[in-house]
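Q: Both chains are given apart, each in its own frame, so use the hints to dock them into the complex.
Residue numbers (this note's numbering), protein chains in the order written: chain A, 6 to 289; chain H, 151 to 430.
One or more hints might be untrue.
Unchecked claim - Listing some non-contacts, in silico: residues in chain A with all C-beta distances to chain H over 12 Å:
1. Gly73
2. Ser80
3. Lys108
4. Lys115
5. Lys133
6. Gly194
7. Arg199
8. Arg219
9. Arg240
10. Asn271
11. Ile283
Unchecked claim - Keeping only pairs whose Cα atoms sit at most 27 Å apart, straight-line, the calculated DSSO-like set for lysine-lysine is:
12. Lys79(A) <-> Lys89(A)
13. Lys29(A) <-> Lys115(A)
14. Lys145(A) <-> Lys392(H)
15. Lys185(A) <-> Lys205(H)
16. Lys11(A) <-> Lys196(A)
17. Lys225(A) <-> Lys290(H)
18. Lys205(H) <-> Lys175(H)
19. Lys196(A) <-> Lys133(A)
20. Lys392(H) <-> Lys196(A)
21. Lys291(H) <-> Lys225(A)
22. Lys186(A) <-> Lys404(H)
23. Lys205(H) <-> Lys346(H)
24. Lys392(H) <-> Lys193(A)
25. Lys225(A) <-> Lys29(A)
26. Lys145(A) <-> Lys126(A)
27. Lys281(H) <-> Lys186(A)
28. Lys185(A) <-> Lys404(H)
29. Lys185(A) <-> Lys392(H)
30. Lys115(A) <-> Lys133(A)
31. Lys63(A) <-> Lys79(A)
32. Lys392(H) <-> Lys133(A)
33. Lys193(A) <-> Lys133(A)
34. Lys175(H) <-> Lys185(A)
35. Lys346(H) <-> Lys175(H)
36. Lys175(H) <-> Lys145(A)
37. Lys392(H) <-> Lys404(H)
38. Lys392(H) <-> Lys186(A)
39. Lys290(H) <-> Lys205(H)
40. Lys193(A) <-> Lys404(H)
By construction, these hints were calculated from the structure, which means they are not laboratory data. The C-beta atom is built at its ideal place from N, Cα and C for all residues, glycine as well.
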Amino acid sequence: MRIEVKDLDHIYNAGLAYETYALKHVSLTLDRGELVCLIGHTGSGKTTLVQHLNGLLKPDKGQVLADGVDINEKSPEARALRRKIGLVFQYPEYQLFEETVFKDVCFGPKNMGLSEEECAKKANDSLKLVGMDPDEVGDKSPFALSGGQKRRVAIAGILAMDPEVLILDEPAAGLDPAGKKAILSCIKGIKEERNICILLISHNMEDVAEIADRVLVMDKGSLVLDGPPGEVFARRQALRDMGLAAPPAARFMEMVAAGGGPVSANVLTLDDAAREIIRVYGKR
Amino acid sequence: MDPIIEIENISFAYEEGEDGEKPEKAIDGLTLSIERGSFVAVTGSNGSGKSTMAKHLNALLLPSEGRVLVDGMDTKDEDKVWEIRRRVGMVFQNPDNQLVSSVAEDDVAFGAENLGIPSEEIRQRVEAALKAVGMYEYRKKGAHLLSGGQKQRIAIAGILAMGPECIVLDEPTAMLDPRGRADLMDILKALNGQGKTIILITHFMEEAARADRIIVMDRGKLALDGTPVQVFSDPERLRELKLELPFTVELAGKLRDAGLDIPQGIIFEEELAKAVCELK
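In isolation and in its complexed conformation, chain H is listed as follows (with noise of 0.2 Å):
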């Protein structure tokens, strides 16, 4: 096993509010590590604590007890700070938020700029960034005129020019329409292909069935932990953990419920629909 990111037993709380009132730990004992090259999606109901995880990934928060180690490198040590963000990208969930330039090259230039990588080089970046989030032909277009997806598209396009290993997008679709969610997951997928470690946070099951590994939080630990075969095959304990089941494996299940002899295991529409046709 080689992980990119290790988590050691991390607590964190927000600070107290104006009346006193001592917050609840958002993360409280958690620790997982993440496997360099996989596509891990992370779910969980509202203030399960997954954000605040994801922001930990890059020293954006600082854990108040444990560690967090990127490539080995402690998020506390500041002089680190760099080298850690420049390896793990954060796109977040509102477009409209994450752009900083008028012009879509420009913005997907920002990021590599900063870091004082030369301009003949951040032009070949930029321009392989665009491409991979097939974003080439929009390159001079005004933000403003883009439509969600395509800024998202942008946001991670800039994140790719500073070259990193992985990167932790926060809902990235959740303000996306169906068309533009479903671009944005063949784009992550083509880049964890490409090797990229990718951590997607998101309240969509069927974005969560495409990963390599599932983790799901709640109250700020690790409810659970496995393959999308694995964390599917337990409805009950899902919905304890007030998240849905894809639509597949809720129908499957209604269907063996009936007597109808549908294997286990079964995620995506493709084998569901075998399984129904292949039926005595």
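Next comes chain A alone, as it looks inside the complex (with noise of 0.2 Å):
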């Protein structure tokens, strides 16, 4: 599936005295496989702009379009292609209501009015995609799960519904560094078993630079950057002007240089950084 974002605006209190643009003008594409993260400081409207996404919230002008068809129209069509485009929340963990994990993942199927037989195939195929073993935890109650398996139990039941587009809203966020660990797999796992679109809202710089295909930079309801994430983060000036620091690696690596140490900023990651000090420094 692609979706094309053409011309956005959301207007808050649009005609009083503080009507406020939450969404300015927002163009974009998305692609099938592609894994993006969207970045931008709190309130510069990652979040509007995703609830656009499946039709959560309507544009004030411009238009989504999934293949081709606006999903805000009132059609079967557009229906059917909204349902396509899963969103999992922040904290998605506080949704899990069910008995059992297993029910609890069959719930989107259910409502797509799969037989018993189909939605306990998806539970368990997307149980396992998100690192659970169904055998094991299905009959658990969801609540007496960990933080961070908790919120697999949520993907897995958006999952379930199979989606062609992806969103995750801060995913990591909240959790201990072994659940961080194990959530951010697990989504490069659904990307190379399903080869859908993934769009992920994150604040960690770190994981950014490391995971994502496409960095899109948001800034007062504004797309300002779309790119591959050595090009993106290039821009310091831009994205310190935007209250956005670096990823540690390439602040790190401009503190060298600013000391005089003659090695290249332009890194992601801590083993880049690495590998470029021990370039210009081992072996002398």
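A: See the structure below:
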């Protein structure tokens, strides 16, 4: 599936004295198989934007097209397309409600009218895809799981509906390092296994530098940067002006360069930084 | 040594679930004491017992074995509970769950009002507390209009207005963006500089690195206890405990492995950058 956002505006309190543009002239395209990270300061419009992508919010101007069809149309076709766009909110574990993990994951496919057998298959596949053993956790109460596990169950619930676009709003926030690692590797796994488009909102530049194919940067309701991580993170000054930090590796290498070290600061990850320092200072 | 809090061999288990399954002890024979005026970071993976431990520090939970003393007062002593809670304030993870009033300054005044402090003094305390967290200009704002980081600062101001000696924060930055997180750490360092004891529970090793002392918990027990330099000097052990190393410590390790001459005991970026620049 291909998502096209065309010249999108969203206005809060339209017509009132304190009318504000939450989104202003946003245009972008998302393609199958891409892992895209959306970053921006608090209040920059990230969450408002993704809520437009599956019709939770309707644009005041502009369009969201899925495979060329406006998802806000009132046709059965548009409705079917909206269902193909799965949104995992922040802290999705607060939305688990069923008695067992298995039932919770089945909830979506069941609502889509699938047979019990099909629901079971989808639930089992989805649980496996997020790294959980259906035989082991299926009958447990979701509330008996750890925070990171609950969150993976919530993601499995969305995966069970076979989305072609998966949007995750800060999936690693508030988890311990082990839980965070598990979530990130689960997201990479989903991308490889299903070859769908994944859009991830994140505040953690280290994670973004590590997993993104492409980075989108929002500022004050506008999409201001869009490109591969290397390109986007090279725009240090622009990012700083928006209150965004570079990944720690880049920030550190800038510090070394400022201290007179002849290194390049164009690195994304810790391993890149180590290689660059060893290249310059090793075996001399 | 002048401890403000002494934890003496405490154990605690949550009540058994409906299925009658007996839960493991969340805290299992923990002993430690917190020096007055220190900045202590407590870390450990999920389920290590750090939040449970924190809730024992101002009698939100009482130990099933052992005892906790706050300034010499036993938290089990019902007559002392309010005095203990006045001295040890708690700030939690979710900023949205902690504000009780619709206007920032009313929220800050709430705790102090409940202590029965005269209103003139409350006004002074609220003003000072708002200034201490850099929120004075927002005092008339509606709480719902504040960002997560600003809400956390209001929550801290509310505790400050009660005049505590010690502030315990349970992952206060987990839901904040990087800027909100950095601002909050600066405020905690400043409060510590003014003599407040700070106990910070966190998963962020960069935050823990700024403390005087790091306590690592594992399965309800004390796993590591030392200065940041001591704790970070054993990467293997930290990995076993499912913890991350701070960026700087991990990078320094990689460079040493490659044969570069990087001194031991580096935990801050500035130090490592300097060491790299000094390489020949």
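Q: For each hint, tell me whether it holds in the structure or not.
A: Going down the list of hints, with the structure as the test:
1. Gly73: Holds, since 36 Å exceeds 12 Å.
2. Ser80: holds (37 Å)
3. Lys108: Since the minimum Cβ distance to chain H is about 17 Å, Lys108(A) lies beyond 12 Å and the statement holds.
4. Lys115: holds (25 Å)
5. Lys133: Label holds. Min Cβ-Cβ 22 Å, cutoff 12 Å.
6. Gly194: holds (20 Å)
7. Arg199: holds (28 Å)
8. Arg219: holds (21 Å)
9. Arg240: holds (17 Å)
10. Asn271: Holds, because the least Cβ-Cβ distance between Asn271(A) and chain H comes to about 16 Å, which exceeds 12 Å.
11. Ile283: Non-interface label fails for Ile283(A): nearest chain H Cβ at 5 Å, not farther than 12 Å.
12. Lys79(A) <-> Lys89(A): holds (16 Å)
13. Lys29(A) <-> Lys115(A): With Cα atoms ~38 Å apart, Lys29(A) and Lys115(A) exceed 27 Å; violated.
14. Lys145(A) <-> Lys392(H): Holds. Lys145(A) to Lys392(H) sits at ~24 Å (cutoff 27 Å).
15. Lys185(A) <-> Lys205(H): holds (25 Å)
16. Lys11(A) <-> Lys196(A): holds (25 Å)
17. Lys225(A) <-> Lys290(H): holds (24 Å)
18. Lys205(H) <-> Lys175(H): holds (15 Å)
19. Lys196(A) <-> Lys133(A): Measuring from Cα to Cα gives roughly 14 Å; hence the hint holds.
20. Lys392(H) <-> Lys196(A): holds (26 Å)
21. Lys291(H) <-> Lys225(A): With a Cα-Cα distance of about 21 Å, the restraint between Lys291(H) and Lys225(A) holds, given a limit of 27 Å.
22. Lys186(A) <-> Lys404(H): holds (20 Å)
23. Lys205(H) <-> Lys346(H): holds (18 Å)
24. Lys392(H) <-> Lys193(A): Distance of about 21 Å is within 27 Å: holds.
25. Lys225(A) <-> Lys29(A): holds (8 Å)
26. Lys145(A) <-> Lys126(A): holds (18 Å)
27. Lys281(H) <-> Lys186(A): Between Lys281(H) and Lys186(A) the Cα gap is close to 38 Å, so the pair fails against 27 Å, i.e. violated.
28. Lys185(A) <-> Lys404(H): Between Lys185(A) and Lys404(H) the Cα gap is close to 22 Å, so the pair holds against 27 Å.
29. Lys185(A) <-> Lys392(H): holds (11 Å)
30. Lys115(A) <-> Lys133(A): holds (19 Å)
31. Lys63(A) <-> Lys79(A): At roughly 12 Å apart (the allowed maximum being 27 Å), Lys79(A) and Lys63(A) satisfy the hint.
32. Lys392(H) <-> Lys133(A): holds (23 Å)
33. Lys193(A) <-> Lys133(A): Roughly 14 Å between the alpha carbons, so the hint for Lys193(A) and Lys133(A) holds.
34. Lys175(H) <-> Lys185(A): holds (25 Å)
35. Lys346(H) <-> Lys175(H): violated (31 Å)
36. Lys175(H) <-> Lys145(A): holds (20 Å)
37. Lys392(H) <-> Lys404(H): Since the Cα atoms of Lys392(H) and Lys404(H) sit roughly 19 Å apart, the hinted pair holds (cutoff 27 Å).
38. Lys392(H) <-> Lys186(A): holds (10 Å)
39. Lys290(H) <-> Lys205(H): violated (31 Å)
40. Lys193(A) <-> Lys404(H): Satisfied, since the Cα-Cα distance of roughly 25 Å is no more than 27 Å.
Violation of the numbered hints given earlier is confined to hints 11, 13, 27, 35 and 39; the remaining hints are satisfied by the structure.
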